[in-house]
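Undergrad: Sequence:
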Amino acid sequence: MMKLVQTCIIALTLASMYSCAPLNPVARKDLSAPINNKACYRPYSELSQKCPDDFLHILKIDSVHVDSVCVVFSQSEMIVSYRDINTNQFRTQTYKGKMRKKDFQVFFRRDHTGIPPFFWVREVDRYRFSISPDKSLVVTEMHDHTAMILLMAGGSGYRNQNIFSAFP
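Per mature numbering (1 follows the signal peptide of the UniProt record, and there is no 0), the sequence shown runs over residues -21 to -1, 1 to 147.
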(Lines of atoms letter the chains of each structure in order from A and count residues from 1; the text may use other names and numbers.)
(Lines give C-alpha, C1' and ligand atoms only; values in the text may rest on other atoms or scores of the structure.)
Protein backbone atom coordinates (compact mmCIF):
# COMPACT_ATOMS: atom_id res chain seq x y z
CA MET A 1 0.00 0.00 0.00
CA MET A 2 2.82 2.38 0.90
CA LYS A 3 4.54 1.59 -2.40
CA LEU A 4 1.34 2.51 -4.28
CA VAL A 5 1.10 5.88 -2.50
CA GLN A 6 4.75 6.65 -3.27
CA THR A 7 4.25 5.72 -6.93
CA CYS A 8 1.18 7.97 -7.17
CA ILE A 9 3.04 10.91 -5.61
CA ILE A 10 5.97 10.49 -8.00
CA ALA A 11 3.63 10.19 -11.00
CA LEU A 12 1.69 13.33 -10.03
CA THR A 13 4.92 15.26 -9.48
CA LEU A 14 6.25 14.27 -12.90
CA ALA A 15 2.92 15.05 -14.58
CA SER A 16 2.84 18.53 -13.06
CA MET A 17 6.39 19.20 -14.25
CA TYR A 18 5.42 18.43 -17.84
CA SER A 19 2.16 20.33 -18.01
CA CYS A 20 1.21 22.49 -20.99
CA ALA A 21 1.01 25.76 -19.06
CA PRO A 22 3.35 28.48 -20.28
CA LEU A 23 6.47 28.97 -18.19
CA ASN A 24 6.27 32.75 -18.44
CA PRO A 25 2.69 33.78 -19.17
CA VAL A 26 2.18 37.29 -20.48
CA ALA A 27 0.64 39.51 -17.81
CA ARG A 28 -2.71 41.07 -18.70
CA LYS A 29 -1.41 44.57 -18.00
CA ASP A 30 1.21 44.13 -20.76
CA LEU A 31 -1.34 43.14 -23.42
CA SER A 32 -3.05 45.45 -25.89
CA ALA A 33 -6.18 45.13 -27.98
CA PRO A 34 -5.67 44.09 -31.62
CA ILE A 35 -7.57 47.10 -33.01
CA ASN A 36 -7.32 47.16 -36.82
CA ASN A 37 -4.49 44.66 -36.61
CA LYS A 38 -3.63 42.58 -39.67
CA ALA A 39 -0.77 40.13 -39.31
CA CYS A 40 0.30 36.59 -40.10
CA TYR A 41 1.32 34.20 -37.36
CA ARG A 42 2.97 30.81 -37.10
CA PRO A 43 0.29 28.14 -36.69
CA TYR A 44 2.02 26.50 -33.70
CA SER A 45 2.42 28.09 -30.30
CA GLU A 46 5.79 28.67 -28.69
CA LEU A 47 5.07 25.67 -26.45
CA SER A 48 4.67 23.28 -29.38
CA GLN A 49 7.68 21.24 -28.31
CA LYS A 50 5.64 20.00 -25.34
CA CYS A 51 2.02 20.53 -26.42
CA PRO A 52 1.23 20.55 -30.12
CA ASP A 53 -1.72 22.94 -29.81
CA ASP A 54 -2.09 24.88 -32.99
CA PHE A 55 -4.04 28.02 -33.77
CA LEU A 56 -6.62 26.34 -36.01
CA HIS A 57 -7.31 23.62 -33.43
CA ILE A 58 -8.14 26.35 -30.90
CA LEU A 59 -10.61 27.79 -33.43
CA LYS A 60 -12.23 24.33 -33.88
CA ILE A 61 -10.79 23.84 -37.40
CA ASP A 62 -9.25 20.37 -37.61
CA SER A 63 -7.57 18.20 -40.27
CA VAL A 64 -5.87 21.13 -41.96
CA HIS A 65 -2.11 21.59 -42.45
CA VAL A 66 -0.91 25.17 -42.89
CA ASP A 67 2.38 27.06 -42.75
CA SER A 68 0.95 30.40 -41.60
CA VAL A 69 -2.34 31.92 -40.47
CA CYS A 70 -3.33 35.51 -41.27
CA VAL A 71 -5.69 37.28 -38.87
CA VAL A 72 -7.55 40.57 -39.37
CA PHE A 73 -9.39 42.18 -36.46
CA SER A 74 -12.15 44.78 -36.57
CA GLN A 75 -14.50 46.05 -33.86
CA SER A 76 -17.01 43.20 -34.24
CA GLU A 77 -15.28 40.35 -36.08
CA MET A 78 -12.09 38.41 -36.56
CA ILE A 79 -11.25 37.09 -40.02
CA VAL A 80 -8.87 34.12 -40.17
CA SER A 81 -7.29 33.24 -43.54
CA TYR A 82 -5.09 30.25 -44.30
CA ARG A 83 -3.98 28.04 -47.18
CA ASP A 84 -4.30 24.29 -46.79
CA ILE A 85 -0.98 22.79 -47.88
CA ASN A 86 -2.48 19.40 -48.81
CA THR A 87 -5.25 20.67 -51.11
CA ASN A 88 -3.67 24.05 -51.96
CA GLN A 89 -7.00 25.77 -51.23
CA PHE A 90 -7.21 29.23 -49.69
CA ARG A 91 -9.88 29.42 -46.97
CA THR A 92 -11.34 32.19 -44.84
CA GLN A 93 -13.33 31.90 -41.63
CA THR A 94 -15.10 34.78 -39.84
CA TYR A 95 -15.79 34.88 -36.10
CA LYS A 96 -18.17 37.33 -34.45
CA GLY A 97 -16.96 38.86 -31.22
CA LYS A 98 -16.45 42.06 -29.32
CA MET A 99 -13.45 44.35 -28.98
CA ARG A 100 -12.74 45.06 -25.34
CA LYS A 101 -10.21 47.24 -23.55
CA LYS A 102 -7.23 44.88 -23.89
CA ASP A 103 -8.49 42.09 -26.13
CA PHE A 104 -10.91 40.79 -28.72
CA GLN A 105 -13.32 38.32 -27.12
CA VAL A 106 -15.14 35.43 -28.83
CA PHE A 107 -17.61 33.07 -27.18
CA PHE A 108 -17.71 29.62 -28.77
CA ARG A 109 -20.23 28.39 -26.24
CA ARG A 110 -22.39 30.34 -23.82
CA ASP A 111 -25.22 28.16 -22.52
CA HIS A 112 -27.31 28.75 -19.42
CA THR A 113 -30.15 26.28 -18.89
CA GLY A 114 -32.54 25.39 -16.11
CA ILE A 115 -34.36 27.17 -13.32
CA PRO A 116 -31.68 28.48 -10.90
CA PRO A 117 -33.03 27.40 -7.48
CA PHE A 118 -33.82 23.85 -8.64
CA PHE A 119 -31.65 22.90 -11.59
CA TRP A 120 -29.07 24.97 -13.42
CA VAL A 121 -26.24 24.27 -15.88
CA ARG A 122 -23.78 26.85 -17.18
CA GLU A 123 -21.24 26.12 -19.91
CA VAL A 124 -19.01 28.93 -21.14
CA ASP A 125 -16.10 28.59 -23.59
CA ARG A 126 -14.52 32.01 -24.07
CA TYR A 127 -11.40 32.99 -26.02
CA ARG A 128 -9.53 36.29 -25.75
CA PHE A 129 -7.10 37.43 -28.45
CA SER A 130 -4.52 40.08 -27.51
CA ILE A 131 -1.22 41.45 -28.79
CA SER A 132 1.90 41.22 -26.60
CA PRO A 133 4.64 43.90 -26.53
CA ASP A 134 6.75 41.85 -28.99
CA LYS A 135 3.79 41.73 -31.45
CA SER A 136 2.96 38.08 -30.76
CA LEU A 137 -0.65 36.94 -30.68
CA VAL A 138 -1.71 35.82 -27.20
CA VAL A 139 -4.77 33.54 -27.09
CA THR A 140 -6.28 32.99 -23.65
CA GLU A 141 -8.75 30.09 -23.43
CA MET A 142 -11.22 30.17 -20.55
CA HIS A 143 -13.64 27.32 -19.91
CA ASP A 144 -16.25 27.20 -17.15
CA HIS A 145 -18.67 24.31 -16.70
CA THR A 146 -20.85 24.38 -13.57
CA ALA A 147 -24.11 22.78 -12.49
CA MET A 148 -26.44 22.92 -9.51
CA ILE A 149 -29.27 20.69 -8.25
CA LEU A 150 -31.19 22.18 -5.32
CA LEU A 151 -28.38 23.38 -3.03
CA MET A 152 -25.65 21.04 -4.30
CA ALA A 153 -23.30 22.57 -6.85
CA GLY A 154 -20.17 21.52 -8.64
CA GLY A 155 -18.14 22.34 -11.66
CA SER A 156 -14.81 22.80 -13.28
CA GLY A 157 -13.00 25.47 -15.13
CA TYR A 158 -9.57 26.28 -16.44
CA ARG A 159 -7.58 28.99 -18.16
CA ASN A 160 -4.83 28.38 -20.70
CA GLN A 161 -2.64 30.86 -22.53
CA ASN A 162 -1.06 30.20 -25.95
CA ILE A 163 1.43 32.53 -27.60
CA PHE A 164 1.83 32.60 -31.40
CA SER A 165 4.82 34.47 -32.82
CA ALA A 166 4.41 36.79 -35.79
CA PHE A 167 5.38 35.37 -39.16
CA PRO A 168 8.11 37.46 -40.78
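FYI, nobody ran anything at the bench for these hints, they're computed from the structure. Be a bit skeptical, because a hint or two may be false.
What the hints assert, rightly or not - Quick list of the computed label-pair ranges, beta carbon to beta carbon: (1) H122 <-> K75: 26 to 34 Å; (2) E56 <-> S144: 19 to 27 Å; (3) T125 <-> R79: 17 to 25 Å.
The structure displayed is predicted, hence computed values, not measured ones. From the three backbone atoms N, C-alpha and C, an ideal C-beta is built for every residue, glycine too.
Undergrad: Against this structure, judge whether each hint is valid.
TA: Okay, the hints, checked on the actual structure:
no.: 1; hint: H122 <-> K75: 26 to 34 Å; result: violated, 19 Å
no.: 2; hint: E56 <-> S144: 19 to 27 Å; result: holds, 24 Å
no.: 3; hint: T125 <-> R79: 17 to 25 Å; result: holds, 23 Å
In this structure, only the earlier hint numbered 1 is contradicted, and the remaining ones agree with it.
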